[in-house]
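Going down the list, the protein sequences come from chains A and B. Sequential numbering of the first sequence, starting at 1, is according to the working numbering. Sequential numbering of the second sequence, starting at 1001, is according to the working numbering.
FYI, nobody ran anything at the bench for these hints, they're computed from the structure. No experiment lies behind these values; they were computed from the predicted model shown. Hints may be right or wrong, so weigh each one.
In silico lysine to aspartate or glutamate, DMTMM-like type, Cα no more than 20 Å apart, as pairs [to be verified]:
hint, chain 1, residue 1, chain 2, residue 2
1, B, K1347, A, E6
2, A, K7, B, E1397
3, A, K38, B, E1397
4, B, K1301, B, E1325
Where chain B lies over chain A, by a calculated footprint (3+ residues, C-beta under 8 Å) [what the hints assert, rightly or not]:
hint, segment
5, 10 to 21
6, 27 to 35
Glycine included, each C-beta is placed from N, C-alpha and C at the ideal position.
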Amino acid sequence: MEAVVEKILSIAYIAIFLIAIFGLMVVVSRVSNYLIRKILGIGGN
Amino acid sequence: MEMYLPIAGVEIMAWKLILLGFTVGVIGGFFGIGGAFMVTPALNVFGFPMAYAIGTDMAHIAGKSIVATAKHRKFGNVDMVLGIIMILGTAIGIELGATFIMWLEKVGRVDAVVRYTYMALLFGLSTYMLYEYIKLTRGVTEEKKKVVTDAGTSGLALKMHAIKIPPMVHLKVSGFTISVWVILIVAAITGFVAGFLGVGGGFLRMPALMYVIGCPTRVAVGTDLFEVMVSGAYGAFTYAIKGRVELVAAVVMLIGASVGAQFGTLATQYVKGLKIRLYFAVTMMLAGVSVILKHIAGTHKDVYYPSLSAWVKTNPNFIEWAQTEGAKLSAKVQVRDWILFNKDAVKGWFATQPDFIQAARASEAAWNAYSGYLMLGAACGLSLLIIVRMIQGISLEKKMKAGK
């Protein structure tokens, strides 16, 4: 039982960590997108 | 800034990882591929053991393709219906491919078969795409070249569209109606080959979407990225559970990749579809050369690996480990993993070996390095070319607007 709980927890930690780094990436990409468009002088998304 | 990566036990300069992430981000966003064939050998050159290089690469690919797919979706390049049907077929194909490889492993020498197939595919596809590019542009005046922006629907794709086996599905983004069975079978075949080769398969799906399904180049790029995103996320998760993802390296690479992917996706708006096909063909040809270099490295490994493997199997430490922690692994993987985690002991063994074994080991490392540097150089050169072309396209558009 303890081993199963440990396994579930480790999977949950990894899932949360992966979601967090992908979230960080979305923030970085949004900021870089804004900067690229500003520097290149193009509008839109 | 030197970083220590505890999981893989490697010290590396952070800028190298950011640069690698950035360049592959540009290429992945532009071609709609994961780019594992570039990142994995390059990480290996930086000193990552292969198993960690693959896992770290998976996490990087998953994150990068999330950003790139979202961006392509905004540009209207992702055919979601096609992507979802493709995922289903690909999953079935990958399973069949993996089963087939296990059967091949049982009957004989699988490594050489996989490598030769990989080389044949890379050179075959790239030669065909180069031939198509030359055919469409040869003898065409500069004025007409401006009008020819994409290759149009191939003859094979038109034949596929003529198959009317229900259920039929109308792909709004791609702009045609096709039988669901055709999509499923094409996806299953590309998935089978990807599973057989042990690769993500973006380099196969992208041409399949263009030449067999008949998607415009940009839609093929966007839709393939959607699939890369799903398979990459699954791969990253399974490798992370096995403890084979160097998360710090993945995060650092992702920072570079998220910026690179912006450039790559934006570039698809300013570079013609035909040119995207040309650059893709060149990339695949370089990847083919890299596989040849890897193959040469493999022949040197064959010189010493049987003796090393025999020594490992008689090592008391290995026997104890194989009966406890490594008990769940196959005999082949047990030896590979033990070598990976006991670098010092292996080094000691090499020191006691005759000159020809040490020479073979050095040659293997050198050829692997050539392969990695070729991919690293290709990634840097291509991403630079893509950015330059994009800037040229933007300034041309600005001039045209000013002219109006």
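Results for each hint:
Proximity of B:K1347 to A:E6 is assessed by CA-CA distance (about 36 Å); at most 20 Å being required, the pair is judged violated. In summary, the hint linking A:K7 to B:E1397 is not supported, as the alpha carbons are separated by about 55 Å, beyond the 20 Å threshold. Distance restraint check for A:K38 and B:E1397: the Cα-Cα separation of roughly 16 Å lies within the 20 Å cut-off, and the hinted pair is therefore satisfied. Restraint check: the Cα-Cα separation between B:K1301 and B:E1325 comes to about 27 Å, which exceeds 20 Å; the hinted pair is violated.
For the segment 10 to 21 of chain A, the stated coverage by chain B holds: 7 residues have a C-beta nearer than 8 Å to a C-beta of that chain, and at least 3 were required. Residues of the segment 27 to 35 of chain A lying with their CB closer than 8 Å to a CB of chain B number 4, which satisfies the three-residue condition for coverage.
The structure does not agree with the numbered hints 1, 2, 4 stated previously, though it agrees with the rest.
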